[in-house]
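Novice: Throw the hints in and build the complete structure from the sequences for me.
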Amino acid sequence: MKKCNVFVLLFLMFGLIAAPSLFAANVTLTIWGRDIPDDSADHLYVRDLIAGFQAKNPDIKINYVALGDPGLMDKTKITMASGSGLPDIFQTWGGSVMGGYADAGHLLDLTAELKSVPGSLAAQQAMTWKGKIYGVAPFFAVAGIFVNEGIFKANNLKVPTTIEEFDKVCDTLLAKGIQPFACGEKDKWPALALYMYLVNRYGGDASAQAAARKIPYNSEPFVKAAQLYQSWIKKGYFGATPLGEAYGDAQQLMATGKAAMHVTGSWMCAQYSNPDFTDQTLGFYAFPAFKSGGVGTVYDIMGMTDIGFAATKAAAGKKDAVVKFMKYAMSVEACQSDPGRICSVPGVKAKSTLTAQASAVFASAKTVTFWWDQDLPPSVTSPLNDTIQSFFLPETDVKKALTAFETLCVENIGPVKK
Amino acid sequence: MGEVNTMAVKPDRPRSIQGTRRRHRPAEIIVTVVLSILALFVIFPFVIPFLFAAKTQLEFAYHPWAWPKSFQVKNFIDAWKAVRIDKGLINTLIVCIGSIVCTIPPAALSGYVFARYRSRFTEILFYLILIGYFIPVQMVLVPLYKMEVATHINDTLYGLFLPMAAFGIPFWTLIYRSFFKSLPNELAEAARIDGAGHWSVLFRIMFPLAQPATVLAVLLVFIGAWNDYLLSLVLLTDQNNFTMQLRVASFLNAYGTDRMPRYAAAAIISAAPTVILYIIGHRGIIKGTLAGAIKE
Numbered sequence: 001m002k003k004c005n006v007f008v009l010l011f012l013m014f015g016l017i018a019a020p021s022l023f024a025a026n027v028t029l030t031i032w033g034r035d036i037p038d039d040s041a042d043h044l045y046v047r048d049l050i051a052g053f054q055a056k057n058p059d060i061k062i063n064y065v066a067l068g069d070p071g072l073m074d075k076t077k078i079t080m081a082s083g084s085g086l087p088d089i090f091q092t093w094g095g096s097v098m099g100g101y102a103d104a105g106h107l108l109d110l111t112a113e114l115k116s117v118p119g120s121l122a123a124q125q126a127m128t129w130k131g132k133i134y135g136v137a138p139f140f141a142v143a144g145i146f147v148n149e150g151i152f153k154a155n156n157l158k159v160p161t162t163i164e165e166f167d168k169v170c171d172t173l174l175a176k177g178i179q180p181f182a183c184g185e186k187d188k189w190p191a192l193a194l195y196m197y198l199v200n201r202y203g204g205d206a207s208a209q210a211a212a213r214k215i216p217y218n219s220e221p222f223v224k225a226a227q228l229y230q231s232w233i234k235k236g237y238f239g240a241t242p243l244g245e246a247y248g249d250a251q252q253l254m255a256t257g258k259a260a261m262h263v264t265g266s267w268m269c270a271q272y273s274n275p276d277f278t279d280q281t282l283g284f285y286a287f288p289a290f291k292s293g294g295v296g297t298v299y300d301i302m303g304m305t306d307i308g309f310a311a312t313k314a315a316a317g318k319k320d321a322v323v324k325f326m327k328y329a330m331s332v333e334a335c336q337s338d339p340g341r342i343c344s345v346p347g348v349k350a351k352s353t354l355t356a357q358a359s360a361v362f363a364s365a366k367t368v369t370f371w372w373d374q375d376l377p378p379s380v381t382s383p384l385n386d387t388i389q390s391f392f393l394p395e396t397d398v399k400k401a402l403t404a405f406e407t408l409c410v411e412n413i414g415p416v417k418k
Numbered sequence: 001m002g003e004v005n006t007m008a009v010k011p012d013r014p015r016s017i018q019g020t021r022r023r024h025r026p027a028e029i030i031v032t033v034v035l036s037i038l039a040l041f042v043i044f045p046f047v048i049p050f051l052f053a054a055k056t057q058l059e060f061a062y063h064p065w066a067w068p069k070s071f072q073v074k075n076f077i078d079a080w081k082a083v084r085i086d087k088g089l090i091n092t093l094i095v096c097i098g099s100i101v102c103t104i105p106p107a108a109l110s111g112y113v114f115a116r117y118r119s120r121f122t123e124i125l126f127y128l129i130l131i132g133y134f135i136p137v138q139m140v141l142v143p144l145y146k147m148e149v150a151t152h153i154n155d156t157l158y159g160l161f162l163p164m165a166a167f168g169i170p171f172w173t174l175i176y177r178s179f180f181k182s183l184p185n186e187l188a189e190a191a192r193i194d195g196a197g198h199w200s201v202l203f204r205i206m207f208p209l210a211q212p213a214t215v216l217a218v219l220l221v222f223i224g225a226w227n228d229y230l231l232s233l234v235l236l237t238d239q240n241n242f243t244m245q246l247r248v249a250s251f252l253n254a255y256g257t258d259r260m261p262r263y264a265a266a267a268i269i270s271a272a273p274t275v276i277l278y279i280i281g282h283r284g285i286i287k288g289t290l291a292g293a294i295k296e
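The listed protein sequences correspond, in order, to chains W and G.
Residues in the first sequence are numbered from 1 upward in steps of one, following my numbering.
Residues in the second sequence are numbered from 1 upward in steps of one, following my numbering.
Calculated directly from the structure, the hints in this document are not laboratory data.
Virtual Cβ for every residue (Gly too), placed ideally from N, Cα, C.
Some chain G residues close to chain W (C-beta under 8 angstroms, calculated; not the full set): (1) Leu58; (2) Leu141; (3) Leu233; (4) Thr237; (5) Ala249; (6) Leu252; (7) Asn253.
Chain G residues, not near chain W, derived (Cβ > 12 angstroms throughout): (8) Val73; (9) Leu89; (10) Ile90; (11) Ile94; (12) Leu109; (13) Val113; (14) Thr122; (15) Leu128; (16) Tyr158; (17) Lys181; (18) Ile193; (19) Ser200; (20) Pro208; (21) Ile286.
Specialist: Below you can see the structure in the form of structure tokens.
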């Protein structure tokens, strides 16, 4: 009996010594991400995703590298160009940028594994390129109008339900010394969302047709939208010096009640609901359509992935671990820690009124158009933002600017097919 | 015109100075005012981050230019924690020292050879090395990364400071060459007459005389390595190897300018070591720059 006890004791001792090595991580996933996994409100998802996955999968070690933006994009571009030293998973918005990496043969096809993962169709489409799924998008961003409810109430104004109503509302606001729209056009890209909406409202799926080279970028919907945009700029709806304001400045204008509306992505929901960031009461609304003469409807939404992950060929030998991570990233458990983004996973409740409003806009969407500067080939995306920025110069002939952009598209994407 | 007389009175020096001051007072005032305004342009960017970093986000949003109501240490604590300055500092120091060690001795030696042993061969060699100075880092990033992956030195600190040295050597060779050329040849000849060999002339005569250039090189290579972002971003992947600049940039990029107080705190933390180093070594930098310039 004594002998038996000794053996049991020895076995237990061996077990205690060997246990850590037996249960140690045998697969390491290197993930390049944008956010630092700290306790900042908009970093909580990434922080909890890593901690939660690690706790559930002790055999898989996560080596998460936070690179910020543009650090992530720059590093990814160079490693993809060299084709070596790739991470297993990287954060991406999908679209043509991810598509370019897929075309170069650097991404891992996960269509069979991720096809049935529950999530919104738009989010899945953003991570799909030429019929193959390369990752997941647990969070989706849509553009809409952030409205300062307090300013509207104090001035007896109603949130415009048609584009025609904007002029009256904006003129009233201007008369009261309030900037109607915050924009941040110094950074170029912030003006895109509103232009995309105006083009859609004039010409429906004109952008898809132009990208498919069925119509040119200087066709009627694009020109009309640019003319309306420029007329608003000339009237001072975007402030006296719109090109001098960066996106951060636009946020401050909204946060302090100096601007009444901001057409931008729902990623701002967390900050615009945060009492440390703003003491104003803001609401989120879908961008309206024309009362008459337009094609696009209020249910045509502009947006794209907010947080997405794609896998590379470097992870081909650890596909099971990658799929486990992707599925966990799309789980209710992982997603519910985010306080402000629109979740593409069913069953995750919005944590703020703003997010709930933005989620409702997303849920009502009949079509979703991806950001042009993420979905068009990279060779034309910077010139696109430059062209839109030129609308802010009063002397710009928008038709000529769009014709110049169309010429560039002919050179880079191809001529319009007749 | 009494000022001319006072200038002529030699023993009464203080009065003569006073007289000179009286004569130039309006000009001096204008110059002082102009220089003070110019100084403000330099000083203001250093003061602004402190003004921003001391505020809460909301206070900054409403009164960005006002004096802070209270000093928000939290911004600095958050930035410090996220940047993990302890790890970043050690890595950056290793990279800086490695960069100095691998850049300056080869550059000094080759600069000396190209200045003192001139022949058609050394001239061709010098211009070949100089080509490296005209190649921008961005142009070779992809092949450099491929080469590092192939040789398994990517994601190591020496894999970072070796390319830094490779990019720095051509420039510092050029500087050392012009510096050594400016030194009188008679010094080396006198030493040779006294029985000194090539190495003795180099190490006992020439290198000590090149001290201003070396101080300048050490400081500028250090500052260059400290401030590097692009090479570190591309060549380092393991977060444990991240340098200060990479950590700060990741922090700034993750938060953005929409959180200016924290952004400003991180900017102060990242800039502090190089500012301190410049304050300590600015005499050396000025001396080194002028020494090369005057003797040229």
